[in-house]
Amino acid sequence: MVPIDAGMRHHLRASGLRKSFGGSEVVAGIDLAIEPGECFGLLGPNGAGKTTTLRACLGLTGHDGGAIELLGHPVPEQARAARERVGVVPQADNLDPDFTVAENLLVYGRYFGLRERTIRQRIPGLLEFAGLSTRADTRIQTLSGGMKRRLTLARALINDPELIFLDEPTTGLDPQARHVLWERLRQLLAQGKTIFITTHFMDEAERLCHRLAIMDHGRIIAEGAPRELIATHIEPQVVEVYGDGAREWAASFGNQAADRCESTGETFFCYTRDADPLVHDLEQRGGLRYLHRHANLEDVFLKLTGRELRD
Amino acid sequence: MIAQYLAPPAFSLRFIHVWRRNRLVWRKLAIASALGNLADPMLYLLGLGYGLGAMLPEVSGMPYIAFLAAGMVCSSTMMSASFEAMYSGFSRMHVQKTWDAILNAPLTLDDVLLGEMVWAASKSLLSGLAVLAVAWALGLVASPQALLVLPLVFLAGLAFAALGLIMTALAPGYDFFTYYFTLAITPMMMVCGVFYPVEQLPAWLQGIVQFLPLTHAVTLARPLMTGTAPPDVWTPLLVLVGYAGVGFYTALVLTRRRLLE
Numbered sequence: 003m004v005p006i007d008a009g010m011r012h013h014l015r016a017s018g019l020r021k022s023f024g025g026s027e028v029v030a031g032i033d034l035a036i037e038p039g040e041c042f043g044l045l046g047p048n049g050a051g052k053t054t055t056l057r058a059c060l061g062l063t064g065h066d067g068g069a070i071e072l073l074g075h076p077v078p079e080q081a082r083a084a085r086e087r088v089g090v091v092p093q094a095d096n097l098d099p100d101f102t103v104a105e106n107l108l109v110y111g112r113y114f115g116l117r118e119r120t121i122r123q124r125i126p127g128l129l130e131f132a133g134l135s136t137r138a139d140t141r142i143q144t145l146s147g148g149m150k151r152r153l154t155l156a157r158a159l160i161n162d163p164e165l166i167f168l169d170e171p172t173t174g175l176d177p178q179a180r181h182v183l184w185e186r187l188r189q190l191l192a193q194g195k196t197i198f199i200t201t202h203f204m205d206e207a208e209r210l211c212h213r214l215a216i217m218d219h220g221r222i223i224a225e226g227a228p229r230e231l232i233a234t235h236i237e238p239q240v241v242e243v244y245g246d247g248a249r250e251w252a253a254s255f256g257n258q259a260a261d262r263c264e265s266t267g268e269t270f271f272c273y274t275r276d277a278d279p280l281v282h283d284l285e286q287r288g289g290l291r292y293l294h295r296h297a298n299l300e301d302v303f304l305k306l307t308g309r310e311l312r313d
Numbered sequence: 018m019i020a021q022y023l024a025p026p027a028f029s030l031r032f033i034h035v036w037r038r039n040r041l042v043w044r045k046l047a048i049a050s051a052l053g054n055l056a057d058p059m060l061y062l063l064g065l066g067y068g069l070g071a072m073l074p075e076v077s078g079m080p081y082i083a084f085l086a087a088g089m090v091c092s093s094t095m096m097s098a099s100f101e102a103m104y105s106g107f108s109r110m111h112v113q114k115t116w117d118a119i120l121n122a123p124l125t126l127d128d129v130l131l132g133e134m135v136w137a138a139s140k141s142l143l144s145g146l147a148v149l150a151v152a153w154a155l156g157l158v159a160s161p162q163a164l165l166v167l168p169l170v171f172l173a174g175l176a177f178a179a180l181g182l183i184m185t186a187l188a189p190g191y192d193f194f195t196y197y198f199t200l201a202i203t204p205m206m207m208v209c210g211v212f213y214p215v216e217q218l219p220a221w222l223q224g225i226v227q228f229l230p231l232t233h234a235v236t237l238a239r240p241l242m243t244g245t246a247p248p249d250v251w252t253p254l255l256v257l258v259g260y261a262g263v264g265f266y267t268a269l270v271l272t273r274r275r276l277l278e
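Which chain is which? The protein sequence lines are A and B, in order. Every position in the first sequence, counted from 1, becomes a number in the numbering used here once 2 is added. Every position in the second sequence, counted from 1, becomes a number in the numbering used here once 17 is added.
No wet-lab data here; the hints were simulated from the structure. A couple of the hints might just be wrong.
What the hints assert, rightly or not - Here are the simulated lysine to aspartate or glutamate pairs, EDC-like style, with alpha carbons at most 20 Å apart: (1) A:LYS305 x A:GLU268; (2) B:LYS45 x A:GLU105; (3) B:LYS114 x A:GLU185; (4) A:LYS305 x A:GLU237; (5) A:LYS305 x A:GLU225; (6) A:LYS305 x A:GLU230; (7) B:LYS114 x A:ASP218; (8) A:LYS305 x A:ASP246; (9) A:LYS305 x A:ASP261; (10) B:LYS114 x B:ASP192; (11) B:LYS114 x A:GLU105; (12) B:LYS45 x A:ASP139; (13) B:LYS114 x A:GLU170; (14) A:LYS305 x A:ASP205; (15) B:LYS114 x B:ASP127; (16) A:LYS305 x A:ASP218; (17) A:LYS305 x A:GLU208; (18) A:LYS305 x A:ASP276.
Hey, can you work out the whole structure from these sequences and the hints?
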């Protein structure tokens, strides 16, 4: 058993978490600790073990090793009690297609054992939060992808949770819908909610998360604040060079002048502490398309998890 | 891992909210649903009862249509519970992912399956009730004793719902249910005493039908509806309780294996 005060400090704590499916270890001994009020991001390529980790933390799938404590409750033993104070936005939409927008919230609130009156009092506020006030009696099928996601978020708030799990919440949304959702999540953080989000969108993680962990092959390979990770793991400047001639340029100049060069197809990424010589050379030669920018989280992610496809 | 799947069921009263969710959907389609409940058994009851019945002398000491009425109450219960647990249950589990959404709330799969089983039995109770009401209107029901058929129908509904949920746990798609209907439901309909007394069957087959749940539902329902004392109450009840209990546990283990990975 974990001491009580540890449960008070962390909303979620996992230590030495392991989970195997059919002989292969999907989660290979990870430690997580999420503090009240923070937005914690779990990043990783497809198949890294993010969703399995999240499901184990909710007590939806058993784990083979390690310990989980969610809002002071050991999981999976007391997962039911823990989930009373948790909201979940799953990866795939599973709104109830048989119901209207408002009925979805009503029926979901009942699952938490909330009183009918309490639920009905909360619904207008949640609809407003989701920007769906005029759609209360609309059937789910007629909503756009963004509306469905916002309703799923509103549904996850019906029990006024302290901690909200979001599993790749903006996958498949257009840029407008993503920005609206991020804005809503920031509102929740401002209200003091704690957020645990998995994503493979680096801009999402960089914008929202106070802290994040990068996961690959079932392990956490880096952890920290977004800027910290960038500062620790990668050169601050990037010059991307595209198209015909990029390869020759890299071979004759880029590889020597930069600290490190990577390529995918016809694009070369030159990482460096001082980009001036590279940019100067490219300007003088002319004819090569290039982009000079600051290193970002995606560069860290690709450096740590590699550029190979994950299918 | 296997020990987790085999753990005994742990229920909470939250299963009621799963039942209420399904009832709310049903209420929107209640009229169409009630017509569906009635149409099929009515066709059999009127078509066979009057058509075939006119050519038959009494069966087991009563007019054929009265004999058939008890069989129809039970077979329509079986159909209704099976359809709900399989086609509708599979939609909610696999297609709409309704169960996944519920499992993120403080409910367990045990609660969800119990809610589904009780719901399917509730719907089958309505089917049985509809046929019973028609039989009563046609003057085929002897006494208020027939109301005792209702708890029996509910119990039989639980048993068939549990069997249906096993199929749902195993089904890769809707087509899978055709096997169950062809290999289990239709044969039971034919040999379990719905249309004729099981005593008409060859001895070896009579032995087999004693293991089938529909036989026991019909055995008990018929005397209750015709106003006589059932010769044996406990055997049919125990068989139906057994099917419901063992069937539910089997469905639970299989569904845990399917969903909790």
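Hints, one by one, checked against the model:
1. A:LYS305 x A:GLU268: holds, 18 Å
2. B:LYS45 x A:GLU105: holds, 12 Å
3. B:LYS114 x A:GLU185: Since the Cα atoms of LYS114 (chain B) and GLU185 (chain A) sit roughly 28 Å apart, the hinted pair is violated (cutoff 20 Å).
4. A:LYS305 x A:GLU237: With a Cα-Cα distance of about 11 Å, the restraint between LYS305 (chain A) and GLU237 (chain A) holds, given a limit of 20 Å.
5. A:LYS305 x A:GLU225: holds, 14 Å
6. A:LYS305 x A:GLU230: holds, 15 Å
7. B:LYS114 x A:ASP218: violated, 28 Å
8. A:LYS305 x A:ASP246: With a Cα-Cα distance of about 24 Å, the restraint between LYS305 (chain A) and ASP246 (chain A) is violated, given a limit of 20 Å.
9. A:LYS305 x A:ASP261: Given pair LYS305 (chain A), ASP261 (chain A) holds - Cα atoms ~13 Å apart, limit 20 Å.
10. B:LYS114 x B:ASP192: Roughly 19 Å between the alpha carbons, so the hint for LYS114 (chain B) and ASP192 (chain B) holds.
11. B:LYS114 x A:GLU105: holds, 17 Å
12. B:LYS45 x A:ASP139: Between LYS45 (chain B) and ASP139 (chain A) the Cα gap is close to 14 Å, so the pair holds against 20 Å.
13. B:LYS114 x A:GLU170: Given that 20 Å is the threshold and the Cα spacing comes to 17 Å, the pair holds.
14. A:LYS305 x A:ASP205: Answer holds: LYS305 (chain A) to ASP205 (chain A) is near 16 Å, not above 20 Å.
15. B:LYS114 x B:ASP127: Status holds; Cα separation ~16 Å.
16. A:LYS305 x A:ASP218: holds, 12 Å
17. A:LYS305 x A:GLU208: It holds: about 16 Å lies between the C-alpha atoms, which stays within 20 Å.
18. A:LYS305 x A:ASP276: Distance ~19 Å between LYS305 (chain A) and ASP276 (chain A) Cα, so the pair holds.
Of the hints listed earlier, those the structure fails to meet are numbers 3, 7, 8, in rising order.
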